[in-house]
Amino acid sequence: KAGVTQTPRYLIKTRGQQVTLSCSPISGHRSVSWYQQTPGQGLQFLFEYFSETQRNKGNFPGRFSGRQFSNSRSEMNVSTLELGDSALYLCASSEPGAGYTFGSGTRLTVV
Amino acid sequence: KQEVTQIPAALSVPEGENLVLNCSFTDSAIYNLQWFRQDPGKGLTSLLLIQSSQREQTSGRLNASLDKSSGRSTLYIAASQPGDSATYLCAGPPDAGKSTFGDGTTLTVKP
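First to last, the protein sequences are chains A and B. Each step along the first sequence adds one to the number in the working numbering, with nothing skipped, and position 30 is 30. Each step along the second sequence adds one to the number in the working numbering, with nothing skipped, and position 43 is 154.
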């Protein structure tokens, strides 16, 4: 059974640009949630999608957005990148009762 | 709203010691709890998922328990090794999109 796949693994962008990250969940999992993790910080919840609908959203500016497709794959977009957006972005897929399974993450560096 | 707390934030022990990591949660209606390990710069690896009906799960040198009445879960690591050095996080169930992760305990096992 394939795990959670995040692409790309590493990304370098310039301030002001936008970026799109992708997450393919475990087959059959309908929920995908996204997290930001910066050095020394815990997991900061961005948002969660379930069956193509955003169910909950964390406390991040509107520059952070996401969507989920009918095959449960999810994308996260950050517009007008700032230096502070440099972080490890993690996604997790889940189903009720099954717990979370995380991808390896995308390391975003904004220069 | 479920809140998850982990104490201590950091722990350093000599190799070979048995140790316990603590996780407290506020909503006793929790139906499962999951423990993760995170190595620096990496994603989260699931260690154990305890369903409320099970109360305890074991995997090798790891044993996790769940006590809903007291709002606590513990992760017991037997005969610690330097390779156990990592950050350990606990999480409540992915319930309706609410993120319920603790901030983690960073464990250092000294040779």
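These are computed hints drawn from the structure, not numbers from a lab. Ideal Cβ placement from N, Cα and C applies to all residues, glycine included. It is possible that some hints are incorrect.
Label pairs and their calculated CB-CB ranges [to be verified]:
#1 A:G97 with B:Q192: 28 to 36 Å
#2 A:R9 with B:P125: 33 to 41 Å
#3 B:S181 with A:T20: 40 to 48 Å
#4 A:T20 with B:A120: 33 to 41 Å
#5 B:K153 with A:S79: 22 to 30 Å
Each hint, compared with the structure:
1. A:G97 with B:Q192: 28 to 36 Å: This hint holds: roughly 32 Å between Cβ atoms.
2. A:R9 with B:P125: 33 to 41 Å: Since the Cβ atoms of R9 of chain A and P125 of chain B sit about 36 Å apart, the hinted range of 33 to 41 Å holds.
3. B:S181 with A:T20: 40 to 48 Å: holds (44 Å)
4. A:T20 with B:A120: 33 to 41 Å: holds (34 Å)
5. B:K153 with A:S79: 22 to 30 Å: holds (27 Å)
In this structure, none of the earlier numbered hints is contradicted; all agree with it.
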